[in-house]
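Make a model of the complete structure from these sequences and hints.
Here's the letter readout for the chains.
There are 2 protein chains.
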Amino acid sequence: MINDFIYNIPVKVYFGKGHLHHLGEELKKYGTRVLMTYGGGSIKRMGLYDKVVREIKAAGLELWELDGIEPNPRIGSVRKGAQMCKEHNIDVLLAVGGGSTIDATKWIAAGACVDFDPWDFLDLSKQAPVKKALPIVDILTLSATGSEMDTAAVISNPETRDKIGRLDPMILPKVSFLNPENTYTVSPYQTACGSSDIMSHILEVYFNTGDDLYMLDTFMEGMMKTVIKYAPVAMKEPDNYEARANLMWTSSWAINGFVTAGKKHAWSCHPMEHELSAYYDITHGHGLAILTPRWMKYCLDETNVYKYVQFGVNVFGIDPKLPPMEIADKAIDMLADFFFKTLGLKSTLPEVGIDETYFDIMAAKSVNYGTLPGFKPLRKEDVLEIYKMCLK
Amino acid sequence: MINDFIYNIPVKVYFGKGHLHHLGEELKKYGTRVLMTYGGGSIKRMGLYDKVVREIKAAGLELWELDGIEPNPRIGSVRKGAQMCKEHNIDVLLAVGGGSTIDATKWIAAGACVDFDPWDFLDLSKQAPVKKALPIVDILTLSATGSEMDTAAVISNPETRDKIGRLDPMILPKVSFLNPENTYTVSPYQTACGSSDIMSHILEVYFNTGDDLYMLDTFMEGMMKTVIKYAPVAMKEPDNYEARANLMWTSSWAINGFVTAGKKHAWSCHPMEHELSAYYDITHGHGLAILTPRWMKYCLDETNVYKYVQFGVNVFGIDPKLPPMEIADKAIDMLADFFFKTLGLKSTLPEVGIDETYFDIMAAKSVNYGTLPGFKPLRKEDVLEIYKMCLK
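Those sequence lines, one after another, are chains V and S.
Positions in the first sequence are counted from 1; adding 31 to them yields my numbering.
Positions in the second sequence are counted from 1; adding 31 to them yields my numbering.
Do not rely on the hints blindly, as some may be mistaken.
Repeated chains share a single entry, so a pair holds when one copy, or any two copies, can fit it.
In silico lysine-lysine, PhoX-like type, Cα no more than 25 Å apart, as pairs [said to hold, decoys possible]: (1) Lys352 - Lys411; (2) Lys111 - Lys162; (3) Lys48 - Lys295; (4) Lys163 - Lys59; (5) Lys260 - Lys295; (6) Lys260 - Lys75; (7) Lys295 - Lys43; (8) Lys294 - Lys48; (9) Lys372 - Lys267; (10) Lys163 - Lys205; (11) Lys162 - Lys82; (12) Lys205 - Lys59; (13) Lys43 - Lys60.
The hints are simulated quantities; they were obtained by calculation from the structure and are not laboratory data.
In structure tokens, the structure reads:
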């Protein structure tokens with residue numbers, strides 16, 4: 032059964048090199064008082080900050096700034112940004128950065144419109160309704176999370192060791208500027224982690240036992256082939272426009288809701304990884320690369336092997352005449368090789384500084400103290416087993 | 032060079048069986064006075080008309096109707112609809128039908144807002160600017176033109192023997208209801224013609240010699256594989272939901288502007304076909320099926336053979352180790368077999384009642400008395416040659 036769905040992605044995207052002169056006109060549609068948010072200063076080093084400020088000034092807009100948004104963005108930054116919006120009567124937010132900056136900006140946008148602590152939007156015991164949010168424009172500098180075109184945003188709370196994501200149409204950006212040149216300075220390591228994040232977004236949806244729209248499966252296979260083809264190119268030649276452009280547009284479409292349409296299962300690796308980066312602050316995409324092949328191996332059985340076969344044949348070109356289980360094993364190995372050999376990511380948790388200390392609590396939290404209703408439903412014991420598989 | 036582009040498709044799509052109860056709430060967003068447009072009555076035979084009227088009444092809306100919109104919709108229907116909108120102060124248009132009904136409705140929506148003859152929007156010597164249009168909601172009953180999600184609409188003028196298409200963001204539908212069940216009554220022949228239309232929309236973009244986004248090429252290959260897989264299923268089993276759903280969502284995405292992003296070439300087969308259906312009123316998709324393999328054969332040379340190879344290998348699974356020209360020829364033959372054997376369409380112009388009588392004037396008009404700047408630039412003589420190739 033193909034499930035009903037509603038498709039509704041009204042984000043306007045300026046894709047390419049020559050669009051920044053539209054920034055002023057787009058911001059002006061929403062007002063004159065702009066809060067620009069960004070991270071640790073890489074946008075200054077690459078010269079983007081100056082270009083953006085020039086456009087804003089040329090458009091006659093008033094500018095405030097919030098910098099220092101963390102790689103796994105924290106509720107503290109959200110609180111600070113929401114406060115600034117209220118103090119300065121901000122009309123529109125401009126996020127300049129990667130997924131972390133955009134994610135934080137999304138909850139700043141919602142937090143600016145309420146009197147309570149923005150953490151109440153995330154807190155699982157509260158999940159305050161999002162009735163309103165300031166409009167968001169963004170300029171993307173990292174191809175990974177897809178935040179530029181989706182309704183999701185993940186925030187960490189170091190006090191409670193929570194890392195919680197939530198989706199709401201109110202926080203969808205209005206306009207996104209996607210210039211692949213703005214990712215030229217992304218390091219090979221971050222390019223690898225971003226690419227692994229994109230792959231995971233696709234795999235979480237692709238591995239689904241419901242009757243799916245075949246058409247969407249072909250799109251997902253195409254996106255995975257795109258990442259496999261261009262991630263190593265972008266790592267070796269950071270200013271290869273073709274590679275950066277393909278990764279950038281794929282990162283948006285992997286997770287904007289298009290390929291998810293009609294699929295019924297929840298995600299698996301993301302909840303498991305969120306605990307790792309909540310407890311250890313590792314790079315999200317790296318955690319996903321370590322977990323994903325183990326998760327695939329753990330879930331494989333006779334009832335779902337057909338999906339692994341489809342993946343192996345259509346994405347990695349494995350001979351369809353081999354026995355199904357052989358194709359499945361080979362496909363998992365080839366994916367692991369892509370992550371750990373081609374992209375050069377560490378393949379075990381100890382190599383990124385994670386041991387068994389918090390496995391128990393992380394496993395319990397990843398399944399919300401119950402069952403994760405994914406491709407294969409996972410209980411705490413299952414996650415524990417998958418974490419252990421990542422030790423060596 | 033990958034060209035810059037702007038992506039902006041704010042159509043809300045309700046996809047699936049169970050969404051019609053949202054119709055009233057969506058229409059109400061735009062007003063209370065609704066003009067419903069449709070074709071020859073098939074929506075009454077299939078029971079859709081009654082369901083729609085029931086929703087409209089239940090929502091307390093006022094309803095007017097314009098029926099009889101032709102398969103190649105004519106300017107007369109547009110004039111009539113625009114007049115009705117003015118007379119009855121219509122707030123919102125509801126098109127129920129295939130691409131023809133939606134196309135006519137698009138120019139009715141624009142025509143309702145001006146004092147001049149709506150043909151002035153199309154007339155190549157005038158192309159009056161579209162400053163305003165009534166909002167459009169549609170319920171699709173045929174997977175083919177993609178009009179439900181794009182900015183284009185084609186109108187015929189029998190007096191001048193013109194068939195002219197034009198794109199404008201003002202005439203993009205606000206909301207589209209895509210229920211694959213509403214295509215169960217489409218005949219095998221119309222299913223074949225619709226599928227050929229979808230294939231053509233993709234091929235017109237795919238055959239492009241610019242440096243393209245590889246990612247988008249993989250999507251196009253996936254969509255072509257989807258049509259090739261499901262068109263024959265839908266012809267044999269008209270109420271196969273999976274087949275109808277895949278064809279329907281593919282028809283929208285083939286032409287909504289997504290895969291076109293960054294491509295530079297104009298289309299070729301559509302202008303050539305528009306002359307055929309303007310002069311002979313044949314089904315658009317059938318004309319495209321006859322023209323497309325000939326056009327591909329005519330354009331093939333050493334400089335562009337690589338694109339045919341990509342097509343043949345990735346869409347039809349032809350062995351990549353064969354010589355490129357052999358792959359290209361084979362790919363064209365396999366496409367022709369799909370149109371003429373699998374879909375059972377007539378393979379020559381005489382078989383659909385077209386002879387050489389108007390070749391000269393049709394060829395001249397198809398290139399606008401100049402050059403068509405497509406995959407391979409075509410002058411009148413080239414089109415004449417392609418038309419002649421379609422004689423046997």
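Hint check:
{"no.": "1", "hint": "Lys352 - Lys411", "verdict": "neither (37 Å within a copy, 50 Å between copies)"}
{"no.": "2", "hint": "Lys111 - Lys162", "verdict": "within (20 Å within a copy, 43 Å between copies)"}
{"no.": "3", "hint": "Lys48 - Lys295", "verdict": "between (37 Å within a copy, 16 Å between copies)"}
{"no.": "4", "hint": "Lys163 - Lys59", "verdict": "both (19 Å within a copy, 22 Å between copies)"}
{"no.": "5", "hint": "Lys260 - Lys295", "verdict": "between (29 Å within a copy, 24 Å between copies)"}
{"no.": "6", "hint": "Lys260 - Lys75", "verdict": "neither (30 Å within a copy, 51 Å between copies)"}
{"no.": "7", "hint": "Lys295 - Lys43", "verdict": "between (27 Å within a copy, 20 Å between copies)"}
{"no.": "8", "hint": "Lys294 - Lys48", "verdict": "between (35 Å within a copy, 15 Å between copies)"}
{"no.": "9", "hint": "Lys372 - Lys267", "verdict": "within (14 Å within a copy, 48 Å between copies)"}
{"no.": "10", "hint": "Lys163 - Lys205", "verdict": "both (14 Å within a copy, 22 Å between copies)"}
{"no.": "11", "hint": "Lys162 - Lys82", "verdict": "neither (34 Å within a copy, 33 Å between copies)"}
{"no.": "12", "hint": "Lys205 - Lys59", "verdict": "both (12 Å within a copy, 24 Å between copies)"}
{"no.": "13", "hint": "Lys43 - Lys60", "verdict": "both (13 Å within a copy, 22 Å between copies)"}
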